[in-house]
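**Q** Under the working numbering, think of the first position of the sequence shown as 149, with each following residue one higher.
Since the hints were made in silico from the structure, they are not lab data. Only a predicted model underlies this, so the values are computations on that prediction, with no experimental measurement involved. The beta-carbon is built from N, C-alpha and C at its ideal position, and this holds for glycine as well. A hint or two may mislead.
[Said to hold, decoys possible] Computed cross-link-like contacts, DMTMM-like style, restricted to lysine to aspartate or glutamate with a CA-CA straight-line distance of at most 25 Å:
#	residue 1	residue 2
1	303	315
2	303	266
3	222	261
4	283	267
5	283	315
6	233	251
7	303	181
8	199	293
9	283	293
10	302	315
11	302	206
12	233	293
13	222	181
14	302	251
15	303	324
[What the hints assert, rightly or not] FRET-style restraints, in silico, Cβ to Cβ:
#	residue 1	residue 2	range
16	227	277	17 to 23 Å
17	196	302	23 to 29 Å
18	230	279	31 to 37 Å
19	283	175	31 to 37 Å
20	303	230	18 to 24 Å
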Amino acid sequence: PKSSSDKAGDRPDSNAAVHEPAGLGAGLAIVPDIVPMLPEAFSARPNDQKKILDVLLDRTATVGGAAGGASPSKVAAHGMGGLGKTTLAAGVVRGSSVRSRFDRIGFVSVGQEPAMIEEQRALFSQLCGSAMEIKTTATPSSQREALLKASVGKKWLAVLDDVWEADHMRMLNPFDDSD
149 PKSSSDKAGD RPDSNAAVHE PAGLGAGLAI VPDIVPMLPE AFSARPNDQK KILDVLLDRT
209 ATVGGAAGGA SPSKVAAHGM GGLGKTTLAA GVVRGSSVRS RFDRIGFVSV GQEPAMIEEQ
269 RALFSQLCGS AMEIKTTATP SSQREALLKA SVGKKWLAVL DDVWEADHMR MLNPFDDSD
């Protein structure tokens with residue numbers, strides 16, 4: 149159900165093209181193939197979605213100590229499995245207001261025991277539009293440095309889904325080297 153506070157650009161676009169070539173789609177960021185499709189019976193959670201959108205779109209809401217204009221590096225949804233966190237994230241990412249706010253969107257599903265180097269390469273590819281250079285000496289730390297370097301000055305959104313360990317989040321966060 150839609151609430152009167154919903155804005156057209158904040159609702160997920162269930163018909164959003166996933167395979168748009170760069171430069172098409174009226175300036176909307178491409179949604180990576182890995183982002184789950186929204187269920188046919190998708191019912192937005194307007195209060196939760198609004199809180200996330202307020203932060204992502206630099207509105208006046210405060211989440212984690214950051215207020216409008218203070219662009220936080222992290223917004224998190226916590227809870228036990230099956231509550232719809234991934235679907236909520238997919239709905240937010242597929243919304244035209246988010247797709248028009250960011251130039252690139254990355255989405256990785258981390259899990260309990262991630263193959264960190266592969267997850268970092270997947271995120272790099274989604275955000276940069278090209279493959280990360282494969283080095284035989286690559287480590288999660290060296291690849292994190294490549295992610296950090298590539299993200300400087302960019303308007304990118306990285307969604308880290310199903311994160312179990314703080315260190316996993318740190319190694320996949322391409323924006324914040326202070327963690």
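**Q** All hints are to be evaluated individually against the structure, with a verdict given for each.
**A** So, going through the hints one by one against the coordinates:
no.	hint	in the structure
1	303 x 315	holds, 24 Å
2	303 x 266	holds, 23 Å
3	222 x 261	holds, 21 Å
4	283 x 267	holds, 15 Å
5	283 x 315	holds, 22 Å
6	233 x 251	holds, 23 Å
7	303 x 181	holds, 20 Å
8	199 x 293	violated, 31 Å
9	283 x 293	holds, 13 Å
10	302 x 315	holds, 23 Å
11	302 x 206	holds, 16 Å
12	233 x 293	violated, 28 Å
13	222 x 181	holds, 22 Å
14	302 x 251	holds, 8 Å
15	303 x 324	holds, 13 Å
16	227 x 277: 17 to 23 Å	violated, 33 Å
17	196 x 302: 23 to 29 Å	holds, 27 Å
18	230 x 279: 31 to 37 Å	holds, 34 Å
19	283 x 175: 31 to 37 Å	holds, 34 Å
20	303 x 230: 18 to 24 Å	violated, 33 Å
The structure shown violates the earlier hints numbered 8, 12, 16 and 20.
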